Amino acid sequence: MEDLAAFERLVCKNASDFHYMKICLVLEKGRRNVEAAQFKQLMISGLRQLYGEVGAALPFDVLKFDPSTLTGMVRVCNSSLVKLWSAITLIGSYQNELCAFRVTQVSPFLIALSGNSRKLELD
Amino acid sequence: MVRFKSRYLLCEVCVENRSSLLLLEEKSIYLAVKAAVARAHGDYGSALLIVSYAVKYVNAHTGIVLIRCRKSHYRIICSALPFINSLENRGQKVPCFLNCLHVGGTIRTCQKFLVKYSTQQLHRMLPQCKNEAERDEVRSAVLSCSLGKERDVEEDEMEDDWEDE
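Chains A and B are the protein sequences, given in the same order.
Per UniProt numbering, the very first residue in the first sequence carries number 1; after that it's consecutive.
Per UniProt numbering, the very first residue in the second sequence carries number 1; after that it's consecutive.
For reference, chain A alone in the conformation it holds in the complex (with noise of 0.2 Å):
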């Protein structure tokens, strides 16, 4: 009985250092002209208000940003994902104007950013 009760357990640890996260900035007047390097410094910007200098400095890097979608493919580290997700989500207002991050999909591997099983159409 005992045999049959055993079980073998399996830990599988995350061997990944970094997460990706697919982001979309939304703004309340439709889309304008926004840069990588201004959609970086905005969620900088966010850090900086909610985790102050330290929260600042947190090490993440624009993949790639695609600005007729606003939208980027962010790298960042384990450790500082949840205070980047949380700072970029109470981010309220881009140069006076109301606006909201989506964050769209986060996975540790960036191949899984390739597709998106929400937006999967079959022929």
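By construction, these hints were calculated from the structure, which means they are not laboratory data.
Watch out, some of these pointers could steer you wrong.
[Stated by the list, open to error] Below, a list of computed lysine-lysine pairs in the DSS-like style, where the Cα atoms sit at most 30 Å apart:
hint	chain 1	residue 1	chain 2	residue 2
1	A	Lys22	A	Lys83
2	A	Lys22	A	Lys64
3	B	Lys71	B	Lys5
4	A	Lys64	A	Lys13
5	A	Lys83	B	Lys34
6	A	Lys83	B	Lys71
7	B	Lys130	B	Lys116
8	B	Lys71	B	Lys112
9	A	Lys119	A	Lys64
10	A	Lys40	A	Lys64
11	A	Lys83	B	Lys116
12	B	Lys34	A	Lys40
No experiment lies behind these values; they were computed from the predicted model shown.
Put chain B on the given structure of chain A with help from the hints.
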């Protein structure tokens, strides 16, 4: 009942001119630490300070300050302390820095440490004396803080330990 656990940071205020130390106030330290935490750790850090952050004890003569905060986030204060470079005392801005000597769980342990530390400092001062009068003064100070006296002081402060929270 759950006891709220605190950490007490025993800090030393270092100033250039000893006489400006006498202007030291509880409120100025409270505000300076709060501003430093707000700068270094932002809204999140200053929100953590709302619970249980207090300046418990200020000694204007020796420049010793005792700060209380929650055990869970004393590191937030500890890391912000080096960024304080001036204290505003009664309208005067005094350049200084705070040196964290000890982190204890109760006021009692901090006090024990402080007595030990002060005795040590006296022993260190003795060889640095320039004339005989100074030397005699330090020597008598070293002798006056004997073990018997130390115990008396500790017992006086016993009740401080329990007023926690």
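Original post:
Is the hinted pair Lys119 of chain A and Lys64 of chain A satisfied, with a Cα-Cα distance of at most 30 Å?
Top reply: 20 Å, holds
So if I understand the rule, the pair passes when the alpha-carbon distance is 30 Å or less; does Lys34 of chain B with Lys40 of chain A pass? 29 Å, holds
* Going straight from one Cα to the other, do Lys22 of chain A and Lys64 of chain A come out at no more than 30 Å? -> 9 Å, holds
*Given hint Lys34 of chain B paired with Lys83 of chain A - CA-CA distance at most 30 Å*: At roughly 21 Å apart (the allowed maximum being 30 Å), Lys34 of chain B and Lys83 of chain A satisfy the hint.
(Q) Tell me if the straight-line CA distance from Lys64 of chain A to Lys13 of chain A falls inside 30 Å. (A) Since the Cα atoms of Lys64 of chain A and Lys13 of chain A sit roughly 28 Å apart, the hinted pair holds (cutoff 30 Å).
Open item on the list: For Lys130 of chain B and Lys116 of chain B, compute the direct alpha-carbon distance and say whether it is at most 30 Å.
Closed with: 25 Å, holds
Sort out whether Lys64 of chain A lies within 30 Å of Lys40 of chain A, counting only the CA atoms. Between Lys40 of chain A and Lys64 of chain A the Cα gap is close to 11 Å, so the pair holds against 30 Å.
Notebook entry, point to check: Lys83 of chain A and Lys116 of chain B: Cα distance at most 30 Å?
Noted result: Roughly 41 Å separates the two Cα atoms, so the pair is violated.
- Query: If you draw a straight line from the CA of Lys22 of chain A to the CA of Lys83 of chain A, is it 30 Å or shorter?
  - Reply: Satisfied, since the Cα-Cα distance of roughly 16 Å is no more than 30 Å.
Within 30 Å, alpha carbon to alpha carbon, are Lys71 of chain B and Lys5 of chain B? Satisfied, since the Cα-Cα distance of roughly 6 Å is no more than 30 Å.
| Within a Cα-Cα threshold of 30 Å, do Lys71 of chain B and Lys112 of chain B meet the stated pairing? | Given that 30 Å is the threshold and the Cα spacing comes to 19 Å, the pair holds.
Going straight from one Cα to the other, do Lys83 of chain A and Lys71 of chain B come out at no more than 30 Å? 21 Å, holds
Of the numbered hints stated above, the single one contradicted by the structure is hint 11.
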